[in-house]
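*Asks:* Spelled out, the chains give:
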Amino acid sequence: MSAIDRLLDCHSTGTRGRAARKGDCIRVALAGNANVGKSSVFNRLTGTHQIIGNWPGKTVEVACGFAEFRGQKLEIVDLPGIYSLSAFSPDETVSRDYIADEGPDAVINVIDASVLERNLYFTLQLLEMGAPLVVCLNQVDFAAGRGIRIDDRKLEALLGVPVVPTVAIAGRGMDELVERTLKVAKEGKRAEAALWVARKGKRARAEAVRFAYSKEVESKIGELAGLIEASGVMPTHPSRWIAIRLLESDSRMKRTVGSASRAIVERAEKLAEEIARLRKIPCYEVIALERYAMAAGIAKKVRTSAQHARMASERLDEITTHREWGYAIAACVMLGLLLWTFVIGNFLSLQLSNVFALLSPLEPKVAGNVLEILWNGAFGGLVAGVTLVIPFVIPFYFLIAFLEDSGYLTRLAFVFDSALSSIGLHGKAIIPLLLGYGCSVPAILSCRIMETRRERLLAAFAITLIPCSARTIVILGLVAAFVGIEWALALYIIDLVIVLLLGRLALRALPGKGAGLMMEMHAYRMPSPGIVAKQTWARTKSLIYIVFPIYIVGSALMQLAYAAGLLAPVNSLLAPITVGWLGLPEITGIMLVFGVVRKELTILMLAALVGTTQFALVLSPVQMMVLALVTMLYIPCLATISALAREFDMRTALAISAAEVVFALIVGGVAARLLPLVL
Amino acid sequence: MQPCGRLLSACEECAEAQGCVLKDLRGAEGTAKAVPLSKMPAGSGGKIAYVKGDGKIIRRLFDLGLTPGTAVAVSRFSPFRSSIEIFVRGSRLALGKEICSGIFVEPGSSGGSA
Ligand SMILES: Nc1nc2c(ncn2[C@@H]2O[C@H](COP(=O)(O)OP(=O)(O)OP(=O)(O)O)[C@@H](O)[C@H]2O)c(=O)[nH]1
Ligand SMILES: [Mg+2]
Numbered sequence: 001m002s003a004i005d006r007l008l009d010c011h012s013t014g015t016r017g018r019a020a021r022k023g024d025c026i027r028v029a030l031a032g033n034a035n036v037g038k039s040s041v042f043n044r045l046t047g048t049h050q051i052i053g054n055w056p057g058k059t060v061e062v063a064c065g066f067a068e069f070r071g072q073k074l075e076i077v078d079l080p081g082i083y084s085l086s087a088f089s090p091d092e093t094v095s096r097d098y099i100a101d102e103g104p105d106a107v108i109n110v111i112d113a114s115v116l117e118r119n120l121y122f123t124l125q126l127l128e129m130g131a132p133l134v135v136c137l138n139q140v141d142f143a144a145g146r147g148i149r150i151d152d153r154k155l156e157a158l159l160g161v162p163v164v165p166t167v168a169i170a171g172r173g174m175d176e177l178v179e180r181t182l183k184v185a186k187e188g189k190r191a192e193a194a195l196w197v198a199r200k201g202k203r204a205r206a207e208a209v210r211f212a213y214s215k216e217v218e219s220k221i222g223e224l225a226g227l228i229e230a231s232g233v234m235p236t237h238p239s240r241w242i243a244i245r246l247l248e249s250d251s252r253m254k255r256t257v258g259s260a261s262r263a264i265v266e267r268a269e270k271l272a273e274e275i276a277r278l279r280k281i282p283c284y285e286v287i288a289l290e291r292y293a294m295a296a297g298i299a300k301k302v303r304t305s306a307q308h309a310r311m312a313s314e315r316l317d318e319i320t321t322h323r324e325w326g327y328a329i330a331a332c333v334m335l336g337l338l339l340w341t342f343v344i345g346n347f348l349s350l351q352l353s354n355v356f357a358l359l360s361p362l363e364p365k366v367a368g369n370v371l372e373i374l375w376n377g378a379f380g381g382l383v384a385g386v387t388l389v390i391p392f393v394i395p396f397y398f399l400i401a402f403l404e405d406s407g408y409l410t411r412l413a414f415v416f417d418s419a420l421s422s423i424g425l426h427g428k429a430i431i432p433l434l435l436g437y438g439c440s441v442p443a444i445l446s447c448r449i450m451e452t453r454r455e456r457l458l459a460a461f462a463i464t465l466i467p468c469s470a471r472t473i474v475i476l477g478l479v480a481a482f483v484g485i486e487w488a489l490a491l492y493i494i495d496l497v498i499v500l501l502l503g504r505l506a507l508r509a510l511p512g513k514g515a516g517l518m519m520e521m522h523a524y525r526m527p528s529p530g531i532v533a534k535q536t537w538a539r540t541k542s543l544i545y546i547v548f549p550i551y552i553v554g555s556a557l558m559q560l561a562y563a564a565g566l567l568a569p570v571n572s573l574l575a576p577i578t579v580g581w582l583g584l585p586e587i588t589g590i591m592l593v594f595g596v597v598r599k600e601l602t603i604l605m606l607a608a609l610v611g612t613t614q615f616a617l618v619l620s621p622v623q624m625m626v627l628a629l630v631t632m633l634y635i636p637c638l639a640t641i642s643a644l645a646r647e648f649d650m651r652t653a654l655a656i657s658a659a660e661v662v663f664a665l666i667v668g669g670v671a672a673r674l675l676p677l678v679l
Numbered sequence: 001m002q003p004c005g006r007l008l009s010a011c012e013e014c015a016e017a018q019g020c021v022l023k024d025l026r027g028a029e030g031t032a033k034a035v036p037l038s039k040m041p042a043g044s045g046g047k048i049a050y051v052k053g054d055g056k057i058i059r060r061l062f063d064l065g066l067t068p069g070t071a072v073a074v075s076r077f078s079p080f081r082s083s084i085e086i087f088v089r090g091s092r093l094a095l096g097k098e099i100c101s102g103i104f105v106e107p108g109s110s111g112g113s114a
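If you're matching them up, the sequences are chains A and B in order.
Counting from 1, one number per residue, gives the positions in the first sequence under our numbering.
Counting from 1, one number per residue, gives the positions in the second sequence under our numbering.
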């Protein structure tokens with residue numbers, strides 16, 4: 001997330017304005033199927049921390065970074081995974097639009113050596129498009145492990161563009177990749193400059209066609225390309241490509257060309273119909289069929305695969321997707337995640353508290369010198385952050401990164417497909433939902449892998465109800481530590497029930513049918529320690545940089561407000577709710593207000609105010625449960641509200657927030673009355 | 001003849017014409033009855049005869065490589081059979097049941113492995 005935040009705007013030129021670009025910076029886009037290793041290459045080249053994991057659909061936005069190679073500046077652009085230029089979901093649309101409209105100086109097409117056919121299908125589309133292409137044949141190590149060997153020299157000769165075998169996670173082949181990419185980019189620029197001088201405004205005639213469709217199709221392409229050439233529409237792209245897209249009846253291309261010349265689109269429809277009549281299947285099917293035949297033909301020529309023994313990963317596959325075991329393992333993994341986080345977190349938290357207790361006895365200052373009060377508050381915020389947040393968050397992020405890189409997420413999607421269909425979603429939605437246990441904001445962004453707005457909204461709504469790591473801190477730091485781990489677990493289970501119930505209600509409000517699950521299942525992989533460590537550190541670091549200042553400043557200001565007697569009015573204003581309805585101490589009023597900024601602030605501020613993380617001194621077990629329950633549900637934090645507003649609209653964001661406040665109060669009030677019976 | 005956009009009728013026709021696609025692709029021999037993927041037992045395989053369903057989804061299936069004539073194998077069903085994992089063109093795909101009920105396969109030798 002942080003890397004995405006730091007991004008500069010990549011859409012600098014808007015159109016294919018290569019000439020307009022200033023300076024000598026060469027812009028290179030990374031494109032290819034999902035989960036082939038584009039972000040791994042990106043991270044290698046730019047030294048940044050894009051999300052990496054073993055599941056399709058991690059990158060959902062354009063991300064830019066910079067690199068330098070032998071004095072040459074490069075701007076590298078990481079794109080979401082894409083299977084075809086006929087984009088299917090919003091993340092694919094982002095990629096398609098970038099490649100088609102932004103005109104990068106070179107495109108590195110990252111392909112997965114072990115799934116050559118499908119990857120080459122997209123490569124062929126890029127070649128048709130006339131993109132200045134370099135093929136990065138990635139994951140050759142993994143392919144070799146499965147007995148697959150690719151003759152990269154032969155592939156290069158067949159495709160007619162540079163092919164560089166790489167192992168992105170180990171950095172193998174990166175230098176050669178950049179070197180050859182630069183050559184392609186510079187040649188492209190030179191050719192274009194020459195062209196510019198030679199025939200202003202005229203398009204470059206497509207070079208000899210390397211990959212031809214069947215005769216009938218080629219003749220139609222030829223006719224259409226001639227019309228396009230003559231009419232001068234879209235002079236920046238090869239006419240042959242435009243013709244093919246029209247015959248595939250790509251709605252976007254039809255719109256673009258249609259606005260300039262209706263006649264061409266109508267002719268294209270006629271020709272497509274002729275092909276369909278001839279072949280008895282729709283024209284776009286003919287084209288897909290033939291393109292896949294070309295891809296398969298190339299793959300066959302360059303690939304040698306040996307029989308390999310049944311891998312351990314296949315056995316793991318069997319049990320994790322098993323009818324009964326699948327669920328049992330999923331439950332164990334979730335339970336394990338919580339226990340691991342709690343046990344390690346609690347241990348670290350105690351050690352750190354002891355260290356800080358030696359440093360300075362924490363006595364909240366409520367009177368005296370203003371500076372002293374501020375300092376005291378700031379220090380309290382820091383201590384609370386260090387002792388309550390860091391210890392829990394590091395083991396949690398670590399295990400999440402491990403799971404993400406293993407490939408387990410797609411198995412969960414498969415196993416939970418039917419459960420999710422009860423709330424109007426399909427299996428793939430489990431991925432954003434699980435990311436929600438980490439942080440709601442990237443989870444909501446990742447809803448872009450869902451195909452329709454309706455599904456995205458349903459998933460995003462469910463995400464706001466899922467306890468993110470901030471809420472986990474509250475649950476573990478308060479309930480697990482002082483009431484009992486079984487009660488913390490109960491909260492997670494109650495939450496799941498609530499997600500299902502409210503999800504069903506939301507489905508009532510947004511009826512309809514989704515596309516259904518369509519997802520590539522990549523093989524299990526031993527997570528690479530380097531990547532897991534980097535991922536954990538990147539997330540922790542962004543937490544420290546972005547969030548710690550909030551803890552410190554927030555705590556200082558609150559201490560000051562407290563001393564100045566400003567908190568009391570807020571607390572007493574909220575007292576009918578907090579004290580009267582929820583049965584909490586009055587002081588929780590201000591905590592819940594702070595919690596809107598970030599959920600863990602509720603207990604951090606409490607710690608800062610009462611000067612201890614021994615919450616049992618100020619709250620009874622029932623109060624802790626109620627407070628944790630309300631914190632878990634009452635409103636998405638500010639960052640989440642703004643993410644909702646960005647992905648959907650402000651009205652939706654506010655409606656969800658308001659509904660959740662009401663709902664949380666109802667649940668909290670009921671819990672406050674029922675819990676004393678059992679606790 | 002209908003334009004490309006209206007594929008439902010096109011596919012219906014294919015279904016009626018009983019393997020016209022197959023004849024087109026592989027000559028006269030392949031006219032055995034095609035069954036939907038969702039009805040095939042786990043572990044079995046065959047070749048795709050034709051695909052029916054919503055236009056956008058059909059396109060996506062083609063883009064993923066599920067074109068007529070392609071070998072597929074059913075790897076396993078998810079709990080409650082809501083989705084199916086298949087092996088096609090060297091990789092594995094999870095597909096929803098409804099989508100699979102529109103993919104008609106001519107059962108035959110398994111679609112290969114790994
Ligand atoms: N063995 C091996 N694994 C790799 C290699 N490159 C990437 N991976 C792994 O492949 C998975 C996907 O890598 P990413 O870089 O996240 O892929 P991506 O193309 O950006 O994926 P999306 O953003 O989801 O489209 C991760 O688990 C990586 O660790 C490689 O060269 N060898
Ligand atoms: Mg990526």
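Hints are computed from structural coordinates only; laboratory data are not their basis.
Be careful, since some hints might not be right.
[Stated by the list, open to error] Anything over 10 angstroms on all C-beta distances counts as not near chain A; from chain B, calculated:
1) VAL35
2) PRO36
3) LYS39
4) MET40
5) LYS56
6) THR67
7) ALA94
8) GLY96
9) GLU106
10) PRO107
11) GLY108
[Claimed, not checked] Derived DSSO-like pairs: lysine-lysine, alpha-carbon spacing no greater than 30 angstroms straight-line:
12) A:LYS73 with B:LYS56
13) B:LYS52 with A:LYS186
14) B:LYS56 with A:LYS183
15) B:LYS39 with A:LYS270
16) A:LYS513 with B:LYS52
17) B:LYS52 with A:LYS280
18) B:LYS39 with A:LYS301
19) B:LYS56 with A:LYS541
20) A:LYS186 with B:LYS56
21) B:LYS56 with A:LYS254
22) A:LYS215 with B:LYS39
23) A:LYS270 with B:LYS56
For each residue, glycine too, the CB sits at the ideal point set by N, CA and C.
*Asks:* LYS56 of chain B and LYS254 of chain A: Cα distance at most 30 angstroms?
*Replies:* 16 angstroms, holds
*Asks:* Looking at PRO36 of chain B again, its CB stays over 10 angstroms from all of chain A?
*Replies:* Label holds. Min Cβ-Cβ 14 angstroms, cutoff 10 angstroms.
*Asks:* Please check whether the beta-carbon of PRO107 of chain B is more than 10 angstroms away from every beta-carbon in chain A.
*Replies:* Label holds. Min Cβ-Cβ 21 angstroms, cutoff 10 angstroms.
*Asks:* With 10 angstroms as the threshold, tell me whether ALA94 of chain B passes as away from chain A on beta-carbon distances.
*Replies:* Violated, because the least Cβ-Cβ distance between ALA94 of chain B and chain A comes to about 5 angstroms, which does not exceed 10 angstroms.
*Asks:* For LYS56 of chain B and LYS183 of chain A, compute the direct alpha-carbon distance and say whether it is at most 30 angstroms.
*Replies:* Roughly 39 angstroms between the alpha carbons, so the hint for LYS56 of chain B and LYS183 of chain A is violated.
*Asks:* Just to be careful, I want the Cα atoms of LYS39 of chain B and LYS270 of chain A compared with a cutoff of 30 angstroms; is the pair within it?
*Replies:* Not OK: LYS39 of chain B and LYS270 of chain A at ~38 angstroms, beyond 30 angstroms, violated.
*Asks:* Quickly compare the C-alpha distance for LYS513 of chain A and LYS52 of chain B to 30 angstroms and report which way the hint goes.
*Replies:* 17 angstroms, holds
*Asks:* Has the given pair, LYS52 of chain B with LYS186 of chain A, been kept, meaning a C-alpha gap of at most 30 angstroms?
*Replies:* Violated. LYS52 of chain B to LYS186 of chain A sits at ~46 angstroms, over the 30 angstroms cutoff.
*Asks:* Over 10 angstroms to the closest beta carbon of chain A is the bar; see if GLY96 of chain B clears it.
*Replies:* 3 angstroms, violated
*Asks:* Within a Cα-Cα threshold of 30 angstroms, do LYS56 of chain B and LYS541 of chain A meet the stated pairing?
*Replies:* 42 angstroms, violated
*Asks:* Would you say THR67 of chain B is clear of chain A, with no C-beta pair closer than or equal to 10 angstroms?
*Replies:* 5 angstroms, violated
*Asks:* For the pair supplied as a hint, LYS270 of chain A and LYS56 of chain B, is the alpha-carbon distance within the 30 angstroms limit?
*Replies:* Holds - the C-alpha atoms of LYS56 of chain B and LYS270 of chain A are around 21 angstroms apart, at most 30 angstroms.
Hint compliance for this structure: hints 5, 6, 7, 8, 12, 13, 14, 15, 18, 19, 20, 22 are not met, and every other hint is.
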